Amino acid sequence: MRILVVDDDEQIVRAMRINLRARGHDVDIAADGASSLAVAAKHPPELVLLDLGLPDMEGGEVIERLRSWTAVPIIVLSARHSESEKVRSLDAGADDYVTKPFGVDELLARMRAAARRSVRVEEAPVVDTATFTVDLGAKRVVRDEQEVRLTPTEWHILEILARNAGQLVTQRRLLHDVWGPAYKSETNYLRVYMAQLRRKLEPDPAHPRHIITEAGMGYRFKSGA
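The numbering used here applies: residue 305 is where the sequence shown begins, and numbers increase by one.
These are calculated hints, taken from the structure and not from any lab test. Every value quoted in this text rests on a predicted model; they were computed, and no experiment measured them. Glycine included, C-beta positions come from ideal geometry on N, C-alpha and C. Treat the hints with care, since some could be wrong.
What follows is a set of in silico ranges between Cβ atoms, one per label pair, in the way DEER data are often shown [unchecked claim]:
#, residue 1, residue 2, range
1, Ala-499, Pro-405, 44 to 52 Å
2, Ala-383, Gly-484, 24 to 32 Å
3, Ala-510, Gly-357, 44 to 52 Å
4, Gln-450, Ser-372, 27 to 35 Å
5, Ala-375, Arg-476, 21 to 29 Å
6, Ala-383, Ala-413, 16 to 24 Å
In silico lysine to aspartate or glutamate, DMTMM-like type, Cα no more than 25 Å apart, as pairs [as the list claims (entries may be wrong)]:
#, residue 1, residue 2
7, Lys-404, Glu-362
8, Lys-488, Asp-336
9, Lys-346, Asp-312
10, Lys-526, Glu-451
11, Lys-504, Glu-449
12, Lys-526, Glu-506
13, Lys-404, Glu-387
Let's have the full structure, built from the sequences with the hints guiding it.
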């Protein structure tokens, strides 16, 4: 499996990487919530191992954001033993909760169980509009039968919007997920990149039909005509 390990404890990360790779798994590492979301969007994992105490956000928020677009199994690994923490994590969308310290064999067994329970569903790999097509699996956009060249940042923004088609995506969330927690108030970044995306994708960038601004709140991706 491709496994995403989200933890800021270097010793635990090192041990997890060694043990998982020794058993044939591909391992991606993230030390905070923003990085974990970016890695998951770029390299979709088949299972996530998540610590709750991250430096930039609570693990529960990471779970909720992942659950907005993926059904990947999520196992929480945390030193928090209280029942309320377990309940909150499971209610947010986690599949299992393992308290630290834990045995490697137990964790591997829980990973196998979570993988067996997971229902592998195609997660809307292609989003069609009247003007262009967003292929989330291939990470490409086609307009008029030609591939549109997007920068990595343009693609990241478009991917978040397309995966949440029809829903309001707040400015704060986009800034956090694309640039990180230090950029939550830099709305000028979004204005620049949204203008670039509209020039590349919209028939009339001055009157967009698909990348819509919700004044003072955020943006909404509309796939209809």
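The hints, checked one at a time:
1. Ala-499 x Pro-405: 44 to 52 Å: holds, 50 Å
2. Ala-383 x Gly-484: 24 to 32 Å: Between Ala-383 and Gly-484, where Cβ atoms are some 25 Å apart, the hint holds.
3. Ala-510 x Gly-357: 44 to 52 Å: holds, 46 Å
4. Gln-450 x Ser-372: 27 to 35 Å: holds, 31 Å
5. Ala-375 x Arg-476: 21 to 29 Å: Distance hint for Ala-375, Arg-476 holds at roughly 25 Å.
6. Ala-383 x Ala-413: 16 to 24 Å: At 20 Å between Cβs, range holds.
7. Lys-404 x Glu-362: With a Cα-Cα distance of about 17 Å, the restraint between Lys-404 and Glu-362 holds, given a limit of 25 Å.
8. Lys-488 x Asp-336: holds, 16 Å
9. Lys-346 x Asp-312: Holds, because 20 Å separates the two Cα atoms, which is no more than 25 Å.
10. Lys-526 x Glu-451: Judged against 25 Å, a Cα distance of about 20 Å means the pair holds.
11. Lys-504 x Glu-449: holds, 14 Å
12. Lys-526 x Glu-506: Distance of about 12 Å is within 25 Å: holds.
13. Lys-404 x Glu-387: holds, 14 Å
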